[in-house]
Structure formats: structure tokens, C-alpha cells
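A.B. asks: Each chain, letter by letter, is given below.
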Amino acid sequence: MLEKIMNMDRRVIFILVALVVIFPTLVPVRMPITVSEPTRNLYDFIETLPSGSTIMIAFDYGPSSLAEPEPMAKAVMQHCFSKGIKIIGMTLLPNTPTLAHKLMRKIAAENNAVYGEDYVFLGYRPGTLQVILGMGTDISSVFETDYENKTVDEIPMMENITNYDQIDLLLDLASGSTTEAWIIYANTRYGVKIAAGVTAVIIAQMYPYLQTGQLIGLMPGYLGAAEYEKLLNAPGDGTIGLNTATYAHLLIIGLVILGNIAFFIQRRREG
Amino acid sequence: MTYNKTFICITTCLLIFLCGTYAFSQEPTFSTPTNVTAKDTPNDDGSSITVTWDAVPEDSGITGYKILRNTDSGEFEEIGKQLKPTATQYKDSEIEKGKTHAYFVQAITDSEALVNSQQTEGVIATGQWFHTGKTSLFIAMIILCAAILVSIYLCRNNQDVFVRRIPGLEAVDEAIGRATEMGRSILYVLGLGGVENVATIASMTILGQVARRTADYETPLRVPCNDPIVLNVVREMVKTSYLDEGRPDAYQEENIFYLTGDQFAYAAGVDGMMIREKPAAVFLQGTFYAESLLMAETGNSIGAIQIAGTDSEHQLPFFIAACDYTLIGEELYAASAYLSKEPMLLGSLRGQDWGKIVIFVTIILGVTLELFGINWITTLLQSVR
Amino acid sequence: MKRQIPLAFCFLFGIAMIFTQFSPHSYSQAVYKEVINWGLIISPFAMVLAVVTLIQTHVTRINLRTEHWQYSLIVFVGMIVMVLIGVPFGPQNSIVEWLYNNVQVPMDATMFSLLAFFIASAAFRAFRARSFEAFLLLATAMIVMIGNVPVGDLVWNKVMSWMPWTDGASWLRQWILDVLNNAARRGIILGVSLGVISQSIRIILGIERSYLGGGD
Amino acid sequence: MEIIGIWVAAFLTLCIYSFLYRDNPFYRFAEHLFVGISVGYIIIISIHQGVIPLAWEPLSEAISALWAEIVGTTTPETRNALWGLFRILPIAIGLLFFARLSSRHTWLIRYPIAILIGFGAGVAIPNVLQANIFAQTRGTIEPFAAMNAGTLSVLDTFNAVLIVIGVICTLTYFFFSVEHRGPINWLSKVGIAFLMIGFGAAFGNTVMGRLALLIHRVGFLLNDWMGSIF
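Chains as they are written, first to last, in the numbering used here: chain A, 1 to 271; chain B, 1 to 385; chain C, 1 to 216; chain D, 1 to 230.
Among the clues, some could well be false.
What the hints assert, rightly or not - Away from chain B, derived, C-beta distances all over 12 Å, residues of chain D: (1) ALA10; (2) ASP23; (3) SER153; (4) THR172; (5) MET226; (6) ILE229.
Claimed, not checked - Within a straight-line C-alpha distance of at most 20 Å, the following computed PhoX-like cross-link-like pairs (lysine-lysine) qualify: (7) A:LYS102 <-> A:LYS230; (8) A:LYS193 <-> B:LYS91; (9) B:LYS356 <-> D:LYS189.
Please keep in mind that the hints were generated in silico from the structure rather than gathered at the bench.
Here a beta-carbon is modelled for each residue, glycine too, at the ideal position from N, C-alpha and C.
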């Protein structure tokens, strides 16, 4: 019996995980959320920006990892549009332009923002390092045209924007190590302020940068999205997802405890 | 004498009166922006001029500044946006190269009045060849490079340079041996890095060493690549390994192939290969992202010996959980030296250790000095752009 | 000579790139920018070769009728459809976009989501307190997981209400990440950086040259 | 079209999930389609966002500028466009990859490779030194400045000291050229403990993210796909 529990077929675990995720999706439950400091810092930074400021959002998450960054993007864009802050969107990943463009259009339409005046989406150019550094000297040298094939220099909101000097904040919504590239090349070399919204997996690696002040704010995964939604007082995908995830966490914790109990009983018997 | 006293009296009265009028006057008077200077921005490419002026107190009634500029003594024109009242400098990056620019600052008062500063002298922007703010970085680089090079030089003829045990690398022969015994293949995954990524190069040199061993046993070595240039380099390297071992006949080029550049399509393809070909040993070395566990867990499910290694510290926990052996961070870079036992490479490992000692000393010295309020080390380590 | 000249180029470009990192002058920055573009222009040529190897692999499989050879046809169908429409009409073509959004994107996302299952099975298998180190791994993982979900604080505030502070679970998680994890990560980063620098020096100076392959 | 898209996506999603049970024809189908489509997409992107804007356009502009030079209709713009001729160099270097096809000239591909590797190594040294070594060392020392100023709480002081200990011990673990005996062994043992705690924390922290992806996918199947049926 113990042997069976300890060497449980992984497919049993798979079924349990599936059940525990499907069930709360059908029957939603609400739970209270506390807002962590890095998320609040980002919110406060954007909150205190004057109307007419410009932030750049780098949509550095692939289509496969949009679950966490997308609710963040929605929340932050909603916040910016409501405060009259302009947004320049771009991405370092080749697969992202379509979905980022779609998302920007959607949130902009909901907030009556106008393309070219309130926001613009530059799209993708190959070469992570090259793009980040290139924009430090001149954005239009990297992105001669935006994603909709308009010449960047002729877009109204880009008139007074040459490089990072005119950008108040760069928000990197990342599912990989792009944030580090932004910090190493854009912050270190050009001094642009950087905040990040990252998937849970890379949160841990962001903390040193938060502590050294290279990141001014950070949204940690679903929790970050849910926290930002709470600050905006507009619960959305982040809040729902967080609740569902809770059950799955409890399942995994339960499984690990079960495995260890079996392990200890067996070791006592043997030893 | 009397005359003198009278004079002092009158002057004092006058002064008091003047001060009084100034202090109690209803109309606030505005000081013009003072100390306005324009200088070529230091440490830049010669594309900007920085204008600075003195800060004014908060209650000065100034609501903003405008900057005016002329080119080659021509007309003054307003440039840029209106600045905040707290601003004390403006970086003009829209200058004409090689031409002289002069500036003045216009303070805007809360009654919409404009107060002009004095005009600055004309400035020509020039680019600098060396960023003086990066001097400490440059020196550190030289010290570090020197430490590594001296170590390499000292070890070049030394056949037995000591290197501590790296368990993951000791398992390499075991893994290859087992694959040979079972008559199964070996799967080598180089991660998602491109050829300019240093971790990928480290992984390729490990692959070269693995290939030397598989050449002897004729164990098939399968290498699915996701970067086209890496593919080309790897083919050359593996071929060389087989040649060096005197087994060019055993080299099969089609075992090293391009799968796809997409992260998860690559993982799907590698997982499919694992489950169908059932390799006896799986190597996962290089730069990895989220696909690490997709491959490592599938590899675990087919019972392969797995040796992982990455400098992507965020993926290390998953390799630790799902693989038999994991090279942690810097161990990946030590691996090629460890496996090849080449004195020059082992020497550079020793240089890295000297680098660690330099970091230790810096940290301990820095902490001690900071405790006494001395902060030059922290200042030197300040990042500059 | 067939090795020396490429190594000389490697040295030249390496040193030039180091120089451009220290030199803000417009000439050195122009060189830097141009070389960056070179990298982008060079890569697609290698792509052609890579795709040729991919085609060769699958053609061989089809010719030899190896096991599952039929699936190689599917690779070709996918690739040829994309290339035939996408190359002349660009990635914004509606058919390309449709294929991308309804074939590639969902599969990308699904592959990624498999990790939810794998992380559970890996945790169940690997998190056994076999040794002190394994226990540390297991314990911190559990604490962080509990602190990551709102229910952690809920339970803390109920059970530990006699403690002077609230929200202890998320505080503990944050503390572990901020302090302990931070220290470990910093150690790894510093080590890796030294490794990168030493490897880079070896490359620039031509000590590490195995990437050039063999021959003269 | 949209409803077909949802059905196709849902079918492929289920095909991939079938891998959890075992390898099967559905997974094999999805896997190979995935590889084919993704390679096709990468080809499209590298042509339309790499070759055309960076090589083809500057070069063709330069050639017409060259023509303008010959017929004498030069303008400052065409003069500037002449710089595009330099793009012949990287194109030529890129073409060297095809030397692989002839076994006698294979060595020529060393040129593009050596240049790219040299480039990567050169950029890495100063940037890694500054952003990782400098910044991380500084981050370790900096809290002690606040300690001197007396603005550091007891807990923060404890944390700062703990981080210094952790960094030094972890880095000691990576010492390669000395045997781990005596005090070094002791320090590196503590380093391993820090590493394990760090890995545990990162692992536990990731679970949330991975579940998020599954939740999103299940949401698609239940709401978008099932929703389109009922």
C-alpha cells in the first residue's frame, strides 16, 4: 500500500490536477487579497504620472504564456487610458505582435482611446539586444514603421519622442528573461525607469533587481494582476484565476505531505 | 568724521527702507533663473548639450521653464516642452552637429509673466571616445581579465591542475556506458540560446566531449537543434570529435538536425522523440526557459539517465527535481574544462576563482567601510549609462 | 590560414564590441549599430540551410517508410501552406493570421499548460525528506506555495491570531524570496557572470576555438 | 470562420493533452503539425521582418542612389542612401553559410560563425560585469550604508547580514580549484543549504504560474468551445 502511494502512477496525479482545476472554474468562489508592496509601487508610480506622460509596454510574453501577463496588461492599460497616459506598445518576441495588437485595440476601444494619439503599437523586430539598444539612440531607427505600417515619425504621439529620454516608464510584461535584458541594456546604459509584470516562474529572479532599485515596481503573476485589479477596484481575470489556483495549490501540498508520510512510515518499518 | 557718520546713517536707513519695501511689497518680484550655463553633455556621442541653472525655492512663484536656443548666432527659438518648476537642467538632444548653440532660460511665473535669464555662451557638442564614468568598470574588467589570463598562462604546461569533483560530469561516462549497453541512443539538447549566447557555446564544447566518447562506442547521438547557426556549428564540432577519435565512419550527419525555432513546438518535438525513441541518456545543457520541465519530466518518465546543466537559474529548481544530475550555474562553464582536462581551460577556472576572491574582498571591505560611513566602494560600483 | 583568419575576425569583432561599450562617440556607436544589423542579416542565410536539413530528415523518413513516416507529410503540409501564403503576402495576411491564431497559438499554450501537470508530478516525486538538503528544498517550497495563495493568510490570521502580526504566510514567503532566495540567486549570478566573462575572454583570444570544427 | 477556428483550436488542444495518457496518433498528428506550422511562421517572420527591411530595402535604395549618382540627379537623400551599399558585406558573409554544401569549402562558414561569436563575447564582457557583478555586489553592500546612518531596522540589519553570509557561502560552493575541506567545506555546505532553499522557493513560486496556464486553457475549453455548443 505504502509502496503504491509512493510510486503512484503520474497519471493519477494528472487526473487529480485536472479535476481540481475544472471544478472551481465551473463554481467560482471569492477570497480576500492583500496588496503587496512591489505592485503598489507600480500602481503609485503610474498614479502620480501627469496626464500626457508616456509609458512603453513591452509585451514580452508568448502566446503560450499569456494567461498571467494579459490580465496585468489589461489592468495597467485601463489605468493609463483613464489617466490620459500615452502608451507605446512593442515586443521582443516574434510570435507576439498579433495578440498584443489585438489586446491593445480591444482595451483602447473600451476606454475610447485613439490609435496614434493615445497609443501606438510598434510590433516586433528581430534581435533582442539590438532592439533594446537601438531604441536608446533612436526609436524610429529600429521601428521605421509601426505594426500598422505607418511611418513612426509621422504618428502624432511620437512627435516629441526620440528615445528612452522621453519615456517615463518601461513596463516589461515578461514570461522569459527579457526583463533582465531590459535592465542590463536599457536601464544600465540609458537610464530608463523599468517596472515589470512577470509570470510566477521568474518572480524569484526579479527580487535582486527590485532590491537594487533597478526595478521600480513588480507584479508577480496572477497575484499581481489580482492585486492591481483590486487597486483599480475592478476585479477581472486575475482575481478569478487566483481563486481557482488556490485549490490546485492545496492539492499539490496535500500530495507532497501524503508522499512524505508514506515515506516516513516505510522508513521506520525498514529501519 | 561727522560727515562719515551721517553717510552711514543715511545708507543704513535707505537699506532698511529698501529691504522693507522688498519684504512687504504686494507685487512679488521674480528672480531671473541664475547661473545658466550650457555645456557639451559629457560622455555622450556628441548629440546633445546640457543646460543647467540654479534651483529656486518652492514658493518662488515660478510655474515652469521654457528653453530658448539659437544656432550660429541666429534667431532664438523655443525648444522642447515646458519644464516643471523643479527642473534645474535640460538636455537638448536635437542639436545640429558642428554648429554653435547658445541658450537662455525663460521662467514662467504664476501671473503668466516671462522672465529671461542671461544668454549663455555658444557651445558646440562633441562626442567623447571614452566614457569617464565607466573608468572603474574598465579597471575592473582589466583586473578580471588579467587574473584569468595569468592563471591560464601559469597553468598552460601544468598537467595536473586540481579541480574539485563535479558529480554531474562524473556521471557522463556512466550515462554513455548505459546507453551503449542497452543499445539505445543518447539525446543531447542544447537549450534555446543562439550562437552568440555564451552558455550555448559552453554547451557545445560539452557536446564535443560527449561526442568523443560516443564515437568509440558507436552509440547514436541525436541532437535536435532550434537555432540554425547552432546547427551548423554543432555539425562541424561533432564531426571533428568523431574524426579525432578516428571514427569518421561512425558519424551520421542526419542525427544532428533542425527541429524548429519555436519554443514549445521544439519541446513537443523533443518530447515526441523521447517517448518514441526512448533514449537511455538525456543531456539538457545550455540556456533554458519554461520548456525545461516539459523535457526533463518526460525524460524522467521514460527512465533515462538525465544530466542537466544551465546558467538560467530560474530553471535550475526543475532540473534539480526531475534530473539525476544537475550542473548548477557556473558549473556549466567549468564542464568543458573538467571533461577535456586541457590545462589552458583548467587555468581559466582558477582565474574565475581569483575573481571570486576579488568579489569577497570587495564585499567585506565595502561592508566594513559602509559601517564607518565611507562609501567610495559603493560609489565606484554605481552603474553608469 | 583557414582557422587563423576567422579567429582574427573573432578577435577583431570582440575587441571592437568591448570598445564600443566604453565609447559613447558617435563613430563607435555607429559601428556598433551597424554590426548589430549585420547579425540580423546574417542569420536568415543559416535558416535556409537549417530548413534544408529539416526537409532532408523528413524526405528520408518518407522514402525509407520508417515507422510513423506518414506524420512527416504533416510537417510538410504545415510548413508549405504557411510559406506559400505567408512569404508573398506577409505575416498580416488573414489566412496566415488565422492559422497562427487557431493552430499555433492554442498548441503553444497547451504545451505550456502541460507544465501544471508535470510540476505536480515532479513535486510529488522529488519532494521527499530523504536528506537535510532535500528537507530544506521541500519545506521552503511548501511555505512559498502556501504564502502564494490568499488562503495562506486567511488560515494564518485564524490560527495564529495570538501572534502580534497578521498576514504572516505571505510575509514569510516574501521574506524567503527577498532574503534567502535573493542571497542564493546572487551567489549563482555572480558565479555565472565570472563564467561568462572567462568563457568570453577565451573565445576572443582564440583559446576556446572548438566551435570552428576540425581540419586545418 | 471564427467558430471553425475555435473547433480547430479545441481539437488540437485535446490532441496535445492526450500526451498525458501516452503517445498516440492524435498527439503525433498535433506534434508534427505544430513543428511544420511553426517553422513556416519563422520563415515568414525572418523574411518579412529581417531580410526585407534590413538587407533588401537599404540595398535596393542604395542601388537606385548609385544610379542617381551616375546620371547626376544626386540629392542629399540619395547620398545618404549610398551607405546601404555596405549591407553587401553582411549579405556576402551570410552567403558563406552555403559553403557548407560543398565539402571542399566548408571551412568558409567559419567566417560568419566567428564574427557572431566574437560579437556576442565582446558585448557580454562589459555588460555582464556591470549589470551582474557590479550591481549585485553593490546591492549586497548598500544596505550597510543605511545601517551607518541608523535608518535600518533590526530586521533589515539581520536580513542584510544574512544576505552577505548567503552570497559568500553560495559563491564558495562554486570554488573549483581548491578541495572543499575544512572551513571551505563548511562554508560551501552552508552555501548548498542556501541554494536548496533558493530552489525550493523558486519551485514553490512557479506552481502558481503553471496553474495559471492550465486555468486559462481549461477556461478556453469550457467557456469558448463548450460554450459554442450549448
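A.B. asks: Can you list which hints this structure breaks, lowest number first?
C.D. replies: Hint check: 2, 4 and 7 fail, others pass.
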